[in-house]
Every structure is written in C-alpha cells, then in structure tokens.
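2 protein chains.
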Amino acid sequence: MPELRKDPITGRWVIIATDRSKRPGDFIRQTVPPAVARVCPFDYGNERKTPPEILAYRDSGARDEPGWRVRVVPNKFPVLGIEGELNRQGEGMYDKMNGIGAHEVIIETPDHAATLCDMPERQIEEVLWAFKERVNDLKRDRRFRYVLLFRNYGEAAGASLEHYHSQLIALPVIPKRVKEEVDGAKLFYDLKERCIFCDIIREESAAGARLVTETDRFIVLEPYAPRFPFETWILPKRHESHFEESDAPTLQNLAWILRSTLRKIDRALERPAYNFVVHSAPVQDAPLAHYHWRLEIMPKLTKVAGFEWGTGFYINPTPPEESARFLREAGIG
Amino acid sequence: MPELRKDPITGRWVIIATDRSKRPGDFIRQTVPPAVARVCPFDYGNERKTPPEILAYRDSGARDEPGWRVRVVPNKFPVLGIEGELNRQGEGMYDKMNGIGAHEVIIETPDHAATLCDMPERQIEEVLWAFKERVNDLKRDRRFRYVLLFRNYGEAAGASLEHYHSQLIALPVIPKRVKEEVDGAKLFYDLKERCIFCDIIREESAAGARLVTETDRFIVLEPYAPRFPFETWILPKRHESHFEESDAPTLQNLAWILRSTLRKIDRALERPAYNFVVHSAPVQDAPLAHYHWRLEIMPKLTKVAGFEWGTGFYINPTPPEESARFLREAGIG
Chain A
39 MPELRKDPIT GRWVIIATDR SKRPGDFIRQ TVPPAVARVC PFDYGNERKT PPEILAYRDS
99 GARDEPGWRV RVVPNKFPVL GIEGELNRQG EGMYDKMNGI GAHEVIIETP DHAATLCDMP
159 ERQIEEVLWA FKERVNDLKR DRRFRYVLLF RNYGEAAGAS LEHYHSQLIA LPVIPKRVKE
219 EVDGAKLFYD LKERCIFCDI IREESAAGAR LVTETDRFIV LEPYAPRFPF ETWILPKRHE
279 SHFEESDAPT LQNLAWILRS TLRKIDRALE RPAYNFVVHS APVQDAPLAH YHWRLEIMPK
339 LTKVAGFEWG TGFYINPTPP EESARFLREA GIG
Chain D
39 MPELRKDPIT GRWVIIATDR SKRPGDFIRQ TVPPAVARVC PFDYGNERKT PPEILAYRDS
99 GARDEPGWRV RVVPNKFPVL GIEGELNRQG EGMYDKMNGI GAHEVIIETP DHAATLCDMP
159 ERQIEEVLWA FKERVNDLKR DRRFRYVLLF RNYGEAAGAS LEHYHSQLIA LPVIPKRVKE
219 EVDGAKLFYD LKERCIFCDI IREESAAGAR LVTETDRFIV LEPYAPRFPF ETWILPKRHE
279 SHFEESDAPT LQNLAWILRS TLRKIDRALE RPAYNFVVHS APVQDAPLAH YHWRLEIMPK
339 LTKVAGFEWG TGFYINPTPP EESARFLREA GIG
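For the record, the sequence lines run as chains A and D.
Using my numbering, read the first sequence as starting at 39 and increasing by one per residue.
Using my numbering, read the second sequence as starting at 39 and increasing by one per residue.
What the hints contain is simulated information worked out from the structure, not anything from laboratory work.
There may be inaccurate statements among the hints.
The list treats identical chains as interchangeable, and a pair is accepted whether it falls inside one copy or across any two copies.
Below 35 Å or equal to it, Euclidean Cα-Cα: the simulated DSBU-like pairs (lysine-lysine) are [to be verified]:
no.	residue 1	residue 2
1	K114	K44
2	K217	K114
3	K275	K114
4	K341	K275
5	K87	K275
Bound conformation, chain A alone (with noise of 0.2 Å):
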C-alpha cells in the first residue's frame, strides 16, 4: 500500500509509492557526460568574452585577466535587470512591476572539466566563500528582497553551458514557495516555540533511518516526504535562518559535507543530472527563530507529467528510508 506522508514544512502531501519502489538501476537515466574542451567564455584567456567581473579571488593577474581561483561575473544574458527604481503598477485589473533584479554566474574553477566531485576541498570552500560575499553585497540594496543561489548540473537539470557553474538571482519579491516555507515554520514556532528544522535534525539524528551521514557541524539526510527519488537535503546543526552568516568553520565544513553527498549520488545513482539550490531566509529579515537555512540537491531521475504541474501533488517512487541507505551504502567518506 503507498502512503500518503505530509511535509511538516509546508503541508504539502506527497505519495511515496512504498511497494513498487525504485532502485536506483531502475530510473532511466543519462549519465552527464564528461566535459570536453571547447572554446569556451569561462575558460582562462576568455575573460573579455564575459561581461566585466564582480568578484574574483586570484593568486595573480589584473581584473578580468587570467590567473583566478574563483571568478563571478553578471550574467550576459540576466533574467532580470540591475537598472533603475522599482516601479509597481496595475496593468487593467492585474499588478506587474518591471523586472529589477542580478543575474550572476559563479564560475567555480578556471578547469574547464572539473565538476565539483573532483575539486579540492579548498577549491569549493571558496565558492561557498564567493557565494556568502555575493549575497552580503547584494543585501545592502533595499530593492532585493530575496537572494537565491542555485546550481544546475548536466543537460536534463538545465544547464545550457558546459563549463561547470553556479547561478544567483536577485529579487524584489519573496518567491511564493518561500514564503510558504517561513510562514509554515512560523506556525510551529508558535506552536512548539521550537525551530522545525531543528526537530527535525534531531528526530533524524536519533531515528537514522533517513540520516545519510553527518559531521560535528552538518547533517545530510533524506526528508520525509521528498518531491523526488534521492532529494537530499544538507542542514547546519546550530540554528541559522541566513546562510550568508556563516562562519568560515562552517563554510570549511560544508565544502567537505557537500563534496562527500555529491560523490555518493554519483556513485549511487551513476553521475546524474542535479540540481542543487540554497533555502535561505529573505535577507532583508533580522536573524529568524523559527526558520533554518539549507542546500537541498534534487538529482533528475523522473519526469514531472500533467499531474504534478496541475496539482503540486507529487507522486514519489523511492522511499527516503531506501534512498538514504543507497546514500550510506555508497559509502564515501
């Protein structure tokens, strides 16, 4: 019999199809495949070909010249403008407001094939490090109301450039599914007087049937009423609405948690297409008791049908529990 479980979150139900589970052979999928090299705008002596750069930690070189670690620079073609005052309006009886925003790209490495399975340790802690300044920055403009950082692995989970990446995006707005996740974890705040996410690292701590792995300072497991086969999601241990505060023992700890979940998947699940995105709380809000920043990564193994789109009703073929023993199996350290 499936089971129909409820994200304590948001609640939003999901079905878990419990007796027909997949494995992991059993999800179609498409290995992303190796990066070739390729002239490429990302690639060291390309550095005129992206827009002028924001940030960019160097051992040497001038600004947008070679010799960087980590480089971010606008995106050359941006969702959203960085241009001029916000403008609200009502179009007859609709509302719209003219598209003010960033669009950055994190380039993650000067090595044009290195996914972030292969990199150093130190090589990702700047990353994480350039995604936290990034976002510092960005807050000081009152116009941004929410800051999301994202990345997109492989063809299916819609990367368009080859050259390994993360993207940001700026907002005027707080997205709706944001929004959704603050207010439900402010309803159990009220309730509990307790952060959900730490009951739920706690409960998971003990419990361990959907914990994957975990350190000191993170813990990475499997929800309990996941969208999709394999999501994962990576949280903090000490309460922390913002991730853009964290510590540089955090982000040095985070770098390894994130490297070592990312190896497991693709060992798992045979390097799947990902998405990974930040869950952070809206930067223009003071330090929040009741809600908990975290990196959720969401592997490309099924396809969203007419069902979930006209429902947000998601149907689930793996159960957490067997999805993080795949995890634990794989078994990299």
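Since the structure of chain A is already known, use the hints to place chain D on it.
Then chain D, alone, in the frame of chain A:
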C-alpha cells in the same frame, strides 16, 4: 526590460522575458512521433490485458470485449489503492495516511494512432462524457476529496504508453495548489463579490491581446502571468465551479474548442508534447460562487531548472500577448 507579473488568483510572481522573447521556432522541440502499430493493451482484442473495465461506451460487444468507442479501466500500476479505510496517523513528529485513492485510465479511442487533433468531434465529446461520468461516480465515495483529470501527450510530457489516453486520480486530500487557487479566488470574492475568473473572462474578451478564440460558451486565452510559454486556458463563459456539472451542449462545444485549440498548438509549435489538466473545485464542495473550472494546456517547450524548483518562481521566455498572436495566426477554426 523584463517584467514581473503577478498571477491574480494565487499571488505567484513570474518573470516574463519581454526583450529576449522566444518565438515558436526558437524552442528546441521534439515533435511527438506518430504512433506505430504494436501489441498494445489498449487495442481491440487485448481487453483482457487491462484490469476489468469500469465504464465503456459501445456499439456492440460485451464487457471487456471489442466494440467499445471509449473505455475506462483501472490503471494497472495505480499510484493509490482503492480498497480500505482511510487511516490518518502520526509517525514521530510527522503525519501520514495510507494511500487510498483511485487511478484510472480513459482510453479515448480504439484507434492506436489517433490523436485528439485527428478524432471526430463526436469522439472527443464522448471522452468528455466519460470524464464527467467517472467524476460523478467517484464523488459519491466520501473518502475522496479531489479528482484530477489530466492527459500527458508525448514522452517529454511523461507519457509512457503510445496509445493516447487520459488519466484520472482521486485523492483523499485536497492538493495544496488547488487549495491555494480556491482560497485566492475566495479572497477576491470576499473583496469584490465577483468571481475572479468571470472578471478575467470579461477583461480578456474586451482587451483581446491575450485572446486566442471564443465561442458562445467558451473562451480560449493565454493567462496574464503564465508559468510556461504557450500555457493556454479554456474557460466556460457561464460561471460553474465543477467541471462534472457541465451539461450536454457545454461538452459538445468543449469538444470542438479543445480540438481546435490543440490543432492551433500543433500547427504553431510543430506537434509538441503537452500536458493538459482540468482544474475544478473539490468534489465534496457544493457549487462555489468564487471558483470557476478550466482546462489548462501546457506544451513542454522549456526545461524547469534549479531556480524554479527552489522558489516556485518561473521564468517565461514568451509573453502571453505574443503566444496568443501566434495561436490566433495558426488560424484553424
């Protein structure tokens, strides 16, 4: 400059990329290939290869024999099971219930390769009658609070069988996205004492920019803040909250306008994969003054990536004013 637009029903913002907007030819598309004859459980003579039929319209023949025009059977691999008492329970800090529900397949035609665009109008009308009859039957079961009718056309839209069919899932809970729509429409009604969908119909019919076509009974339009390029809504002009209350002339006219709209999409976008979904009020509710059913068609033209999954915030590269124009120009009556 791109625009941020707000969906007037749910309050969800979307980004409409007005200046790098995509025309039909810009989408990397996979045309759905014509179905080829192969052994198929939905063909005449293979009726015993499906579970026993629930409903069939026939010219001749007995139950589970050839001679039917439309046939409804339980899904052989249902995502929910029909038997048992609904049982809500806790699991640690979480909430779950057993997976009670119905999952049925509406086999729209015995012709293995016929699409809705090819079928006689009368055949489509019978498919719609089967939709109506099945919902009316299932709503008598008080365990079910929502019934979703949907169709996945083409592999990219999640279809797994070549012989075209629609599906129905009856659920013991009201999906979150449905609840958001009904609640959003209620908020508007409380403020204005009018149905927001009736307002949209009047506004779009008068303005014309997002109008695709209209008849006495239906309007076809591109919504103001669509999540996807060429997202298309078919709405009844007379206020009705529940699809299954539609009368005979309404279903007859819907058959015509559905085929005509799908033909326009086929022509403008070269036979794309699509999902359609019937958005209707929760089945146990009495007729609602504030909600209005509709059929929503979503061609699969873009990939959903990390940004969308993380925020529920969609980037749409084609303004609905342009997609409406392309569909109007496709010109099939």
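We went through each hint and held it up to the structure:
For the homomeric pair K114 and K44, the shortest alpha-carbon distance between copies (26 Å) is at most 35 Å, but the shortest distance inside one copy (40 Å) is not. Taking the shortest alpha-carbon separations for K217 and K114, only the intra-copy value of 29 Å comes in at or below 35 Å, while the best inter-copy value is 39 Å. Taking the shortest alpha-carbon separations for K275 and K114, neither the intra-copy value of 37 Å nor the inter-copy value of 44 Å comes in at or below 35 Å. Taking CA atoms no more than 35 Å apart as the test, K341 paired with K275 passes in both settings, with 33 Å inside one copy and 34 Å between copies.
In this assembly of identical chains, the alpha carbons of K87 and K275 never lie at most 35 Å apart, being 41 Å within a copy and 53 Å across copies at closest.
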